[in-house]
Amino acid sequence: MTQAQTILTGESVADLLTRSYEHAYEQGWTDGLPIIPPTPEAVERFVAASGRSGDDLIGVLPPRKGRATVEVIAVNAIMAGCRAEYMPVVIAAIEAMTDPSYPLEFMQVTTNPMTPFLLVNGPVRQQLDINYGTGCLGPGWRANATIGRSIRLSMINIGGALPGVYSKVSLGSPLRYSYICGENEEENPWTPFHVDRGFERSQSTVTVFKASNFCNISGGEGVGADEILRHIATNMPPMYGGGDGALLLLGINHARSLFDAGLTKRDIQQRLFEYARVPAAHFAESFATTERNAGRGDADSVWRARCPEEIYLAVAGGPGPQDVYIGAGMPQTRLIRGL
Amino acid sequence: MPTVMVVTDTFAKFGRRMASTQGCPYVIIAETPNPIRQLEPDALRARAQAMLPTVIDGLTLPPAEIQRRMREVAREEIHPSGVVRSASPV
Numbered sequence: 000m001t002q003a004q005t006i007l008t009g010e011s012v013a014d015l016l017t018r019s020y021e022h023a024y025e026q027g028w029t030d031g032l033p034i035i036p037p038t039p040e041a042v043e044r045f046v047a048a049s050g051r052s053g054d055d056l057i058g059v060l061p062p063r064k065g066r067a068t069v070e071v072i073a074v075n076a077i078m079a080g081c082r083a084e085y086m087p088v089v090i091a092a093i094e095a096m097t098d099p100s101y102p103l104e105f106m107q108v109t110t111n112p113m114t115p116f117l118l119v120n121g122p123v124r125q126q127l128d129i130n131y132g133t134g135c136l137g138p139g140w141r142a143n144a145t146i147g148r149s150i151r152l153s154m155i156n157i158g159g160a161l162p163g164v165y166s167k168v169s170l171g172s173p174l175r176y177s178y179i180c181g182e183n184e185e186e187n188p189w190t191p192f193h194v195d196r197g198f199e200r201s202q203s204t205v206t207v208f209k210a211s212n213f214c215n216i217s218g219g220e221g222v223g224a225d226e227i228l229r230h231i232a233t234n235m236p237p238m239y240g241g242g243d244g245a246l247l248l249l250g251i252n253h254a255r256s257l258f259d260a261g262l263t264k265r266d267i268q269q270r271l272f273e274y275a276r277v278p279a280a281h282f283a284e285s286f287a288t289t290e291r292n293a294g295r296g297d298a299d300s301v302w303r304a305r306c307p308e309e310i311y312l313a314v315a316g317g318p319g320p321q322d323v324y325i326g327a328g329m330p331q332t333r334l335i336r337g338l
Numbered sequence: 000m001p002t003v004m005v006v007t008d009t010f011a012k013f014g015r016r017m018a019s020t021q022g023c024p025y026v027i028i029a030e031t032p033n034p035i036r037q038l039e040p041d042a043l044r045a046r047a048q049a050m051l052p053t054v055i056d057g058l059t060l061p062p063a064e065i066q067r068r069m070r071e072v073a074r075e076e077i078h079p080s081g082v083v084r085s086a087s088p089v
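Chains as they are written, first to last, in numbering that gives the first Met the number 0: chain Z, 0 to 338; chain S, 0 to 89.
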């Protein structure tokens with residue numbers, strides 16, 4: 000291991016673990032929650048599981064321009080509680096976040112609580128037990144909880160987004176602890192999200208969105224496809240921070256109802272694009288003007304996206320008349336290698 | 000190229016940290032009290048005029064003089080001693 004090491008001693012395992020947590024917290028290495036100490040042996044194991052060399056550079060994380068090597072990513076993944084076999088997913092997500100078109104630096108320093116949202120597709124979901132069904136946005140699944148958390152720890156420790164020092168987020172967000180789920184491809188009557196983006200169904204990918212909120216939409220069950228979509232659309236308010244688009248995680252009940260009504264994904268995008276419009280008079284003029292100038296509105300109304308394609312659709316979760324709307328955009332999809 | 004940062008005071012130290020990541024730790028920063036969104040044009044103009052001497056300094060002083068003036072300030076602001084998180088501006 001090439002990183003500096005700290006030697007801690009304790010009178011018992013419990014004592015040592017507590018000291019590790021306290022030390023990491025004092026150093027500013029945590030999100031506030033307890034961590035697993037990244038011993039050199041564990042780091043070696045995680046690097047080996049990645050299928051890469053420890054000094055492979057995956058990306059440079061702003062604002063401090065920290066070098067996200069496989070070894071440093073492993074340190075943060077261990078602290079987050081990941082299993083070694085999660086490393087390829089974490090690495091693919093960091094690759095996506097460091098794409099020049101992804102607004103990582105803005106995300107790291109802004110007062111807005113925007114955060115990465117990770118959507119996982121392909122066989123990796125079963126392989127690593129990444130939840131895509133009931134309760135997929137948490138809590139309760141180790142892979143979901145710790146892969147997302149490792150991304151946040153990397154943003155803090157590699158990127159230097161120390162709260163209040165480099166990160167100027169005004170209120171923050173609970174979504175910044177971990178925000179991730181798999182797509183429920185098994186109950187998605189259309190093509191999976193990653194296939195729509197040009198990958199094979201048999202490939203595993205992670206897509207990282209810039210996301211700004213979580214909004215669960217309840218209801219709309221049993222009233223027909225058009226009413227379902229109107230109900231969803233009226234719960235998709237425009238917002239700062241996620242203004243680049245919208246991600247709709249359709250629950251499996253509504254996905255089935257819409258499919259059975261003969262709607263394609265493209266049909267749904269088009270209808271939501273038309274329905275999710277609010278009279279401009281509903282908003283402060285400055286906001287309406289901003290949205291209009293960004294191509295998301297006209298003289299009469301503010302739109303949820305510039306075009307239907309900016310309303311991204313995926314299917315997730317378990318049974319129930321529930322959907323989730325996330326103000327989200329700028330998706331970057333990466334193949335998960337080395338599984 | 001002569002450059003000055005104009006920023007509200009809440010973000011001044013943060014601004015210097017960000018400037019330092021771009022290789023400009025000694026940039027002259029013209030500050031005005033936060034917030035400014037609510038100000039009417041006349042009040043905003045008065046704020047801008049109050050910053051003008053600092054702006055002129057930053058655009059006209061020799062780089063060596065700017066570095067001399069800002070060295071200690073930059074050292075304290077970019078790496079505040081012992082601070083790893085803060086709930087108030089540091």
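Hints listed in this document are in silico derivations from the structure and should not be mistaken for laboratory results. Some clues are possibly wrong.
Said to hold, decoys possible - To give an idea of the chain S side of the interface with chain Z (calculated C-beta under 8 Å), a few residues: (1) 5; (2) 7; (3) 10; (4) 11; (5) 13; (6) 17; (7) 44; (8) 82; (9) 83; (10) 84; (11) 85.
Claimed, not checked - Just so you have them, the derived chain S footprint on chain Z, three or more residues with Cβ under 8 Å: (12) 57 to 67; (13) 159 to 167.
Glycine is no exception: its CB is placed at the ideal position from the N, C-alpha and C atoms.
Evaluation of the provided hints:
Proximity of residue 5(S) to chain Z is violated relative to the hint, the smallest CB-CB distance being about 17 Å (cut-off 8 Å). Proximity of residue 7(S) to chain Z is violated relative to the hint, the smallest CB-CB distance being about 11 Å (cut-off 8 Å). Taking 8 Å as the C-beta cut-off, the interface hint given for residue 10(S) holds, the closest approach to chain Z being about 7 Å. For residue 11(S), the interface hint is violated, the least distance from its beta-carbon to any beta-carbon of chain Z being 12 Å, above 8 Å.
Interface hint at residue 13(S): satisfied, since its Cβ lies 6 Å from the closest Cβ of chain Z, which is below the 8 Å cut-off. This hint holds: residue 17(S) has a C-beta 6 Å from the nearest C-beta of chain Z, less than the 8 Å allowed. Interface hint status for residue 44(S): violated, as the beta-carbon distance to the closest one in chain Z is roughly 20 Å, over 8 Å. Taking 8 Å as the C-beta contact cut-off toward chain Z, the hint placing residue 82(S) at the interface holds, the least distance being around 6 Å.
Satisfaction of the interface hint for residue 83(S) is found here, the shortest Cβ-Cβ separation to chain Z being roughly 3 Å, below the 8 Å cut-off. A least Cβ separation of about 5 Å between residue 84(S) and chain Z falls short of the 8 Å threshold, and the interface hint therefore holds. Taking 8 Å as the C-beta contact cut-off toward chain Z, the hint placing residue 85(S) at the interface holds, the least distance being around 3 Å. For the stretch 57 to 67 of chain Z, the stated coverage by chain S is satisfied: 4 residues place a CB nearer than 8 Å to a CB of that chain, which reaches the threshold of 3.
Counting residues of the stretch 159 to 167 of chain Z whose C-beta sits closer than 8 Å to any C-beta of chain S gives 6, which meets the bar of three, so the coverage hint holds.
Hint compliance for this structure: hints 1, 2, 4 and 7 are not met, and every other hint is.
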